[in-house]
Amino acid sequence: MLKEHLLLSKVTIDFPTPSGPFRALDDVNLSIAEGEFVSLIGHSGCGKSTVLNIVAGLHQATSGGVILDGKEVNDPGPERSVVFQNHSLLPWLTAYENVELAVKQVFKNTKSKAEMDEWIRHNLELVHMEHAMDKRPSEISGGMKQRVGIARALAMEPKVLLMDEPFGALDALTRAHMQESLMEIQNELRNTVIMITHDVDEAVLLSDRIVMMTNGPAATIGEILPIELERPRDRLTLADDPTYNHYRAEVLTFLHERHSRSAA
Amino acid sequence: MTEHIMTMFHNVRNGWVDKMMRYLVDIPYQEKLNGLAKSLLIPLVAFGVFLVLWASVASQIKTSLGQVPGPVQVWEQAITLYDEHVAERVKEQAFIERQEKRNAKKLAKNPDAVVKTRPYTGKTTYLDQIWTSIYTVLTGFIIASIIAIPIGIISGLSTTIYKAINPLIQMFKPVSPLAWLPIVTMVVSAVYISDDPLFDKSYLNSAITVTLCCLWPTIINTTVGVTSIDSDLKNVSRVLRLGWMTNVFKIVLPSSIPMMFAGLRVSLGIGWMVLIAAEMLAQNPGLGKFVWDEFQNGSSNSLARIMVAVFTIGLIGFLLDRIMLSLQKMVSWDKSAIIR
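Chains as they are written, first to last, in my numbering: chain A, 1 to 264; chain B, 1 to 340.
Please note that the accuracy of each hint is not assured.
A short list of chain B residues far from chain A (calculated; beta carbon distances all over 10 Å) [what the hints assert, rightly or not]:
1) Trp75
2) Val90
3) Leu233
4) Gln328
Straight line, CA to CA, 16 Å or less: simulated EDC-like cross-link-like pairs of lysine to aspartate or glutamate [stated by the list, open to error]:
5) Lys135(A) x Asp334(B)
6) Lys10(A) x Glu36(A)
7) Lys159(A) x Asp240(A)
8) Lys234(B) x Asp75(A)
9) Lys123(B) x Asp83(B)
10) Lys108(A) x Glu79(A)
Derived by calculation from the structure, the hints in this document are not laboratory data.
Glycine included, C-beta positions come from ideal geometry on N, C-alpha and C.
The shape of chain A in the complex, shown without the other chains (with noise of 0.2 Å):
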């Protein structure tokens, strides 16, 4: 077992409402070894969202906490680096500047002028994204706002890098053209990931362990899958393996059997 590096503790959250507080989440237990990609899965609404926000700093947990290698989270940091759902590039600046503005801010006292430029084009480049440098976000597909959204985050130098359903607004081609991209810097970087899914195939495929979530209110880990399947993955293989059908059948049952959506 690797060394522990991001723990959560008894995570509850409340939010407040007019009818007297909401419980969101409810005992929320984990723990993260450094560089392994863990996935959160579960129907929407179950607060998968929440989980990752307490860990990036931007929701604060009513009682339990986070801690990231011995310090406990309170808020923001660019150690923990997020790649939003959509995008959220800055859209008058094109995908250099957007990442020029968080290198810029997370190395402006230990890298030079040279080594910041150099550094914003080796994380463009990281994503397949070093042609498209000048343009602006509206000029850009989907799938390529999405990539310099990545290459942001992973420019920050993250302990963590926390993923919102990085491809959930992406066609199914697209995303899976995403996936293995991702699966491919994850090889070289070994970075620890948080990613939320819906799709339960990128899940199995991308992740070492999948922590499936029940529903809310209240709603806390359900079960936790490990998924030992030989790296690197590849998509059409595993496709007929025994084992990754196994994992993605497991997967569906808790889904759609013991946590299915009465309001669905």
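Given the coordinates of chain A, work out where chain B should sit on it, guided by the hints.
For chain B alone, kept in the frame of chain A given last:
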């Protein structure tokens, strides 16, 4: 360099000629007619109808100052006003020349003689009044914008400050400029005391009154623009731990530019209306004073001359708005957005 300019010129001309040729040859006759009708014919016809209606209604009404002027009389007065301006300039030129000659003669007789150069004090012409009004409104508007945009940004970013100043804004917003005018006049004459004043008091009075009315729409719109920034972008700023200034300049300002400009345009429109009223009431130089003077003058041409002023005021208001629009287009990041 010359070559560069030549190619540029060539390109421009070519583009233009190309467009003309395509227009004449490629586009079918019917489409050509439609395009022309939409862009030119319809507004022209509408304007013609307006002139005919105006002429026929005007001829029916008699006032104590004579007939209400129709388009023809108004046009004549516009020409007259221009001629008066030209004549006044000729007089001024003559005055300056006479003065210079006299001074030169004096100096030739006695090199130590003290010569005086007096400014020309002829009457202000219609074009002078227009110019006074334009720079007065711009002064007031710019001062207001310099104050209002930062306040709008701060109150958009902080709920506490918004809650603190919102009641004040809501209370002062509906106040008529003319209620401010006496206070401004008294304060300016009490505070602005100088032997060699840089500005006329009347200019300051008008400009400050304009400022007081231009503040509110800009503050309100900027606040709304800042508060309605996409929450994802706010989160990006938080994750990056952007400093206050970086946050304002990289995220807040660019995303609130459309709303800010909506406010600025409303402000400038109000400022222009307010200025004319203030000039009429306070007899401060400008188009408003011209209208009032003509009204008091009561000659048979007065109504036509006032009509000229009405059209001038409207046209300048329209031009000011167009200038703001092109400014907005220049600074806006979203070049594809339709801005009206």
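For each hint, the structure was consulted:
1. Trp75: Tryptophan 75(B) is indeed farther than 10 Å from all Cβ atoms of chain A, at 47 Å.
2. Val90: It holds; valine 90(B) is separated from chain A by about 53 Å at its closest Cβ, greater than 10 Å.
3. Leu233: Label violated. Min Cβ-Cβ 6 Å, cutoff 10 Å.
4. Gln328: Non-interface label on glutamine 328(B) holds, nearest chain A Cβ at 14 Å vs cutoff 10 Å.
5. Lys135(A) x Asp334(B): 13 Å, holds
6. Lys10(A) x Glu36(A): Distance ~21 Å between lysine 10(A) and glutamate 36(A) Cα, so the pair is violated.
7. Lys159(A) x Asp240(A): Status violated; Cα separation ~35 Å.
8. Lys234(B) x Asp75(A): 14 Å, holds
9. Lys123(B) x Asp83(B): 14 Å, holds
10. Lys108(A) x Glu79(A): Measuring from Cα to Cα gives roughly 15 Å; hence the hint holds.
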